[in-house]
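Protein chains: 2
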Amino acid sequence: MSDTKTLTGDPFIRGLFESLLKRRLFYTEAFEIYRTSGSLHSDSRGLFDYGPPGCALQSNIFEVWRRHFVLEEDMLEVDCTILTPEEVFKTSGHVDKFEDWMCKDSKSGDFLRANHLIENVLEARLKGDKTARGVAVDDTEKGDAKVDAKKEKRKIKDIKAIDNYDGTELGELIERLDIRNLDGNNKVSPPVPFNLIFKTTLGPNSASPAYLRPETAQGQFLNFKKLLDYNQNTMPFASASIGKSFRNEISPRSGLLRVREFLMAEIEHFVDPEGGKKHQRFNEVNNIQLNLLDRATQLSGKTDLRNMTLEQAVEKKIVDNETLGYFLGRIYLFLLYIGVDKSKLRFRQHMANEMAHYAADCWDAELLTSYGWIECVGCADRSAYDLTVHSKKTGGSLIVREPRLEPLKIEEWQVDINKAKFGPTFRKDEKSVEAALQALGQTQREELSEVLKENGHITIQVPGTLPDDKIDVSKELVSFEKRTIVQNTRDYTPNVIEPSGIGRILYSLLEHVYWHRPDDVARGVLSLPLFVAPTKVLIVPLSNHQTFILVIRRVSQRLRQFGISCRVDDSGASIGKRYARNDELGIPLGITIDFDTIKDDSITLRERQHETIDNQEVWDDIFKRLPEFISQEGDD
Amino acid sequence: MSDTKTLTGDPFIRGLFESLLKRRLFYTEAFEIYRTSGSLHSDSRGLFDYGPPGCALQSNIFEVWRRHFVLEEDMLEVDCTILTPEEVFKTSGHVDKFEDWMCKDSKSGDFLRANHLIENVLEARLKGDKTARGVAVDDTEKGDAKVDAKKEKRKIKDIKAIDNYDGTELGELIERLDIRNLDGNNKVSPPVPFNLIFKTTLGPNSASPAYLRPETAQGQFLNFKKLLDYNQNTMPFASASIGKSFRNEISPRSGLLRVREFLMAEIEHFVDPEGGKKHQRFNEVNNIQLNLLDRATQLSGKTDLRNMTLEQAVEKKIVDNETLGYFLGRIYLFLLYIGVDKSKLRFRQHMANEMAHYAADCWDAELLTSYGWIECVGCADRSAYDLTVHSKKTGGSLIVREPRLEPLKIEEWQVDINKAKFGPTFRKDEKSVEAALQALGQTQREELSEVLKENGHITIQVPGTLPDDKIDVSKELVSFEKRTIVQNTRDYTPNVIEPSGIGRILYSLLEHVYWHRPDDVARGVLSLPLFVAPTKVLIVPLSNHQTFILVIRRVSQRLRQFGISCRVDDSGASIGKRYARNDELGIPLGITIDFDTIKDDSITLRERQHETIDNQEVWDDIFKRLPEFISQEGDD
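Here the protein sequences come in this chain order: B and E. Using UniProt numbering, the letters of the first sequence correspond one by one to residues 1 to 636. Using UniProt numbering, the letters of the second sequence correspond one by one to residues 1 to 636.
Careful: at least some of the hints might be erroneous.
Repeated chains share a single entry, so a pair holds when one copy, or any two copies, can fit it.
What the hints assert, rightly or not - Straight-line alpha carbon distances no greater than 30 angstroms define the calculated DSSO-like cross-link-like pairs of lysine-lysine that follow:
| hint | residue 1 | residue 2 |
| --- | --- | --- |
| 1 | Lys225 | Lys536 |
| 2 | Lys127 | Lys302 |
| 3 | Lys577 | Lys225 |
| 4 | Lys90 | Lys199 |
| 5 | Lys342 | Lys278 |
| 6 | Lys409 | Lys470 |
| 7 | Lys226 | Lys577 |
| 8 | Lys22 | Lys392 |
| 9 | Lys22 | Lys393 |
| 10 | Lys225 | Lys97 |
| 11 | Lys90 | Lys22 |
| 12 | Lys599 | Lys536 |
For the record, the hints were derived by calculation from the structure and aren't laboratory data.
My request is simple: use the sequences and hints to build the entire structure.
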């Protein structure tokens, strides 16, 4: 699959790239010292620690997210708990539906995620891997098996059709293609569902089961009414949250792309479902051109991208509404700002049966990596699903009550009951009869009103009454009247548009900005934009003389005072080598401390990539903040 | 206990204060909508969500931490996983020792934390609460019971002696004083230990138990070698981490002060144990005067504070070493910077039996609140404990190898074995005999060398050899030689000094900055410093005229562009009332949009508290960043 290219057009070699990231401590497998010693079960994989550059990069990416989305639109940021009582996820549907299909290796007992198993086996067969062809297929059929694999592979590749298969479909495919575990060639059990939320218990006894949230959203929904109140009852508004979420992946592979614990930024934009979900600032993004892979294209089995402006996409109803379109545009701007390669970015619409159980529509911003197209930022229309189910379950109000500009007048048939006579007549059945009358629809009421006028009584169904669940009601006891009702307020449950970014952005971005010099393949370069670069400035002294040490300390303290991170390389290597070595950390700026610095405090400021940084404001900012440094031209 | 005062000297009323925090959505009990509906078990308490102002305040406090500690000292920030395999916490001692003592109500089955139970009952008895006096004490003994309670209470109060009691001691106290559950007056079971780490499972089968970390430290320790390498093998250095930790409190009370999930900032400063743990920058803090409550004072049953400079404290060995002292000073500066009331801050040394199982010495920065003195930032010397146990368990190297400036020469008795004859002589016992010889100490080797010279052979103990675990070795097979060894490197396991700040800072700080105007008791004011205030600027338009709306939007967009958060209050209330109302959110700056603004773009900038902000640079910063606004004198 690693047919992607680096920035300079060379083939991307994942081994070299990953070796850089681990060597420079962008990340490391968590508890590696335990894993190396053999004291950890293989089930404990899928957990990664971020070292200093990875941690800073992650926190910069999410800080840009915070400024770009949360601050810019005055969203209400909240920090809700990760621990969540079972009741909440029962209501949201996660306890029942948040699951993947898994198979068990018949001999080793290893668990495998069914769709990944099939994909991997088919891919291996395409490559001619003999161990992957299944024992049922003997040599004469080998050609067929390959053709078969190719056919299936094409079906499930790119558009990820297999992600939509249910257990029966996956099982059928495993059976028909004789899919086995690549590791040992053993048969596997039919797929069974496995719930992905981590379980634990609150308090000392087992009466209060709880889960680690798989998304930050539920806490935001449960606080909706309070947030609306904090927002002075003004709609629309958005809440936002940045925090860890957890998913108990069946058999995590793919390094940082499939992990059990990850940082997540989620926005819940609450909008009135009436009026077509317009957005006030849509005009700021309507000219942005996106590469879209819509549902219709995928249904036809294709992956061709349609390039169009957001205005066109909303007009043609490819993107359902302005609010969804607005956030697609904002996500696009965010991704470009942090350094994503525009040519490796597409927006893919979810298939109807692929969407999460709560979603009404969903688009993913996908980034092309050596693992294929990877979902990095989702944008879902969750409709009124969550607010409705939680409100129904708890009886709590999660609605908006708005004054109507024009009072609404409705004509309505009402049921009038003669209370004084009603009770004595029906005695113990009084409540059931009244409930049955109130349950009648408008049309029924109108019809029964006629019957009552003609016959003087009506017969209605009242379950549980003797002898035959039917009751006669006379006109002395009930009447139906048509009246005009005036409503001054309107109650509605808002719909939710949810842009949701996850930790995978970090890995995919790193692939996009990675390249290497033709003469130095082993040493990579990360062309990270200034704002997200983990370390902003490399300080390189020309000499190791004692006088330099004090200057270095002064310069670096001054930078840190302004919140600018820096790293000193005072090793004996040549200036050029030191810069090259620190290219691997993606440091965009360099300061050379030379003998002039000692004399007159001047330094050489150097922009590392000999390229112009897009955002001129950034450069201006730096110079403004470092007024006492005189900049010279870099000459390295 | 609420005998603390507000900023203006009025008695602090917790009810009013908490009502403010909840009303203005600083925080709320998590899942309140579920709790209200009665569908949550009472065991699910101790979980809180931060609303917009609480979330921003929390993130500002930790951002100051990051700049004050991490960036200022070039610490290596990492982000390690919360999920941790059981093996790691077995080694660290948490699985065995991270526990509290709990009692069970004999009738209701409720669990109670033993030390809190005793404290609460004694306090209730002192107040004369009849239900708290125990049934064994009849009316005639009532006086005695009160005297008893007073005596015990004094013993355990303030210096928190009871936190050091073990299960037997707690049980004895419960028995002797007839301590019962205040809720129902039932007897309670003897205390049993309860482990506070949340348990879960990684992957689909139960072979890989894991825990949610109760501190961020372990991940930093496990990565020590990689971090040292990233730091170009230079000592000393520190790693740091800001993230969530979890503790399964037995029966959480006290609102935000005892929660099951909290944000934590931890620094692990690695230092050479030799040379007295000096710190290069100690001279920057040595004149700071701290209020210390040291171990000796507490042992004498007193709580008097000793005020002295850090230099004196280290000189007198009250604070063990410079590095510990340096961080106490830095913690002091941090707390003052974020707005803590200096008169409500003390540093308390842990008693020997009170310290966590890993600590060699420990000081807590405690803040005085209506709940008493609350531990908010710890500073522990964890010695070489953690690195040693993990290294021992895994066989992985967690040491520093340093070149010696002067090679170290050691005289050493070495064992020389004649391999050619040794094997044939001892056959299957060869390895055991050799091991026994190598296990001999230096003195033994010297002595045996004499014996060998005199007798021509020696007799040594070799367990497992026939007939009597003794073996004769002749001088043809072995000799002992004294030689001079030169060591060019030194290996050592660093000690760890750990400043560790937790979410409780937020609540305690809010109590410190809270007050109310004499004529408006119900409406509070939070005097938060500019840097930590959740919202920086309140925008108040003088009119609701259409022309104002555009100006408001322009001003607030401009502020947000600079990362300055703002809130608009365009309600119809008077300017003064609007300012007062937003005092509850601790907004330090105000901008009034008046008719001049519409004319000539001038605004009125107002510093809300009519006090001088300490840090002039902050003001300068604001004006620098808002160059196009002309400031006028506020006249509200």
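Hint-by-hint comparison with the structure:
1. Lys225 <-> Lys536: Between copies only: 25 angstroms across chains, 42 angstroms inside a chain, cut-off 30 angstroms.
2. Lys127 <-> Lys302: Answer is within: at 23 angstroms inside a copy they meet the 30 angstroms cutoff, but 78 angstroms across does not.
3. Lys577 <-> Lys225: Between copies only: 25 angstroms across chains, 58 angstroms inside a chain, cut-off 30 angstroms.
4. Lys90 <-> Lys199: Intra 13 angstroms, inter 21 angstroms, cutoff 30 angstroms: intra and inter.
5. Lys342 <-> Lys278: Intra 27 angstroms, inter 52 angstroms, cutoff 30 angstroms: intra-copy only.
6. Lys409 <-> Lys470: Neither: 35 angstroms inside a copy, 108 angstroms across copies.
7. Lys226 <-> Lys577: For lysine 226 and lysine 577, only the inter-copy Cα distance (22 angstroms) is at most 30 angstroms; the intra-copy one is 57 angstroms.
8. Lys22 <-> Lys392: Between copies, since 25 angstroms is at most 30 angstroms while 49 angstroms is not.
9. Lys22 <-> Lys393: between (47 angstroms within a copy, 24 angstroms between copies)
10. Lys225 <-> Lys97: within (26 angstroms within a copy, 43 angstroms between copies)
11. Lys90 <-> Lys22: For lysine 90 and lysine 22, the Cα distance is within 30 angstroms only across copies (27 angstroms; inside one copy 40 angstroms).
12. Lys599 <-> Lys536: Result: close within a single copy only, 25 angstroms intra versus 43 angstroms inter.
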